[in-house]
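Please model the entire structure based on the sequences and the hints provided.
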Amino acid sequence: MCPVHAPDQTALTSEYELKADALTCERGQRVLFQDLTLTIEPGQVWLIEGANGSGKTTLLRVLCGLRRPDEGDVLWNGARIESVRPEFNAAIAYLGHYSGLKEDLTAAENLRFSCALQGSDGDAAAALARTGLDIENDLPVSSFSAGQRRRLAMARLLLSPARVWLLDEPFTALDPAGRTLVRDLLGEFAARGGAAALATHHEIAVDGADIHRLEMDAPAP
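Position one of the sequence shown corresponds to residue 53 (my numbering), numbered consecutively onward.
Worth double-checking, as some hints may not be accurate.
[Stated by the list, open to error] Label-pair distances were calculated between CB atoms; the ranges are:
id, residue 1, residue 2, range
1, Ser-172, Arg-79, 13 to 23 Å
2, Asp-262, Arg-231, 14 to 24 Å
3, Pro-192, Glu-67, 16 to 26 Å
4, Glu-267, Pro-192, 35 to 45 Å
5, Asp-186, Gln-86, 21 to 31 Å
6, Thr-91, Ala-243, 32 to 42 Å
7, His-149, Asp-269, 14 to 24 Å
8, Thr-91, Arg-119, 14 to 24 Å
9, Glu-123, Asp-236, 34 to 44 Å
10, Asp-262, Ala-225, 37 to 47 Å
11, Gly-95, Glu-267, 18 to 28 Å
Calculated from the structure, these hints are not laboratory results. Beta carbons: idealized from backbone N, C-alpha and C, even for Gly.
Right, dumping it as structure tokens:
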């Protein structure tokens, strides 16, 4: 049976570039990473790998604008993100360890709430079906398992207008079928011109994506 896709699977035709330009970040007296440069472009999936404490989460938070680097800049289409905030915020979706779901709402209500915030008219039922969740489930998210919450967070990404997904350990709490789902969603997104960077401990292959790897070294004690 063919998968049910979320709406608006049209290609993201316009070119874009998210660039980390000579970034340095410190935590206390430790340098997490120094003079780090990378460029994320359409169709790419970046795997950010490294031991705990190597700065993977910090890098993702810097890339999405939640943290300022100690040195260097993050550029969106050649401009510092501080100067193009509305455009940048619309183009980036960040999924961290905390999903930000509304505990007292159902899965469908969470997606409709997210669409309303973004001013989009995405099909919540299609996104839930694509991620293996039941549109008829009228239980609040507070009753969901960790894996169901992760699937719902991925469904929310499908309804986002973002061109770049920044994902912190997206395979956490997922069973093998859930991990396959995330890989498939990444491949579909990249194939239509999206891009992603994810911190992960998992060795993965993503069909339809141009895979790049960044190995983060653990900082010196």
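To see whether the hints hold, each was checked on the structure:
1. Checked against the hint of 13 to 23 Å, the C-beta distance between Ser-172 and Arg-79 comes to roughly 36 Å, which is inconsistent with it.
2. Between Asp-262 and Arg-231 the beta carbon distance is about 20 Å. The supplied range of 14 to 24 Å therefore holds.
3. Our hint of 16 to 26 Å for Pro-192 and Glu-67 is violated, since their Cβ atoms are close to 42 Å apart.
4. For the hinted restraint 35 to 45 Å between Glu-267 and Pro-192, the CB-CB distance of approximately 41 Å keeps it satisfied.
5. Judged by the Cβ atoms, the range 21 to 31 Å given for Asp-186 and Gln-86 is violated: they are separated by roughly 47 Å.
6. At about 20 Å, the CB distance of Thr-91 to Ala-243 disagrees with the hint of 32 to 42 Å.
7. The hint said 14 to 24 Å for the Cβ distance between His-149 and Asp-269, and at roughly 22 Å that hint holds.
8. With their beta carbons about 19 Å apart, Thr-91 and Arg-119 fall inside the hinted range of 14 to 24 Å.
9. The hinted range of 34 to 44 Å is satisfied by Glu-123 and Asp-236, whose Cβ atoms lie roughly 38 Å apart.
10. One distance hint, 37 to 47 Å for the beta-carbon pair Asp-262 and Ala-225, is violated here, with the actual separation near 28 Å.
11. Against the hinted window of 18 to 28 Å, the Cβ-Cβ separation of Gly-95 and Glu-267 comes to about 21 Å, which satisfies the hint.
Checked against the numbered hints above, the structure violates hints 1, 3, 5, 6 and 10; every other hint is satisfied.
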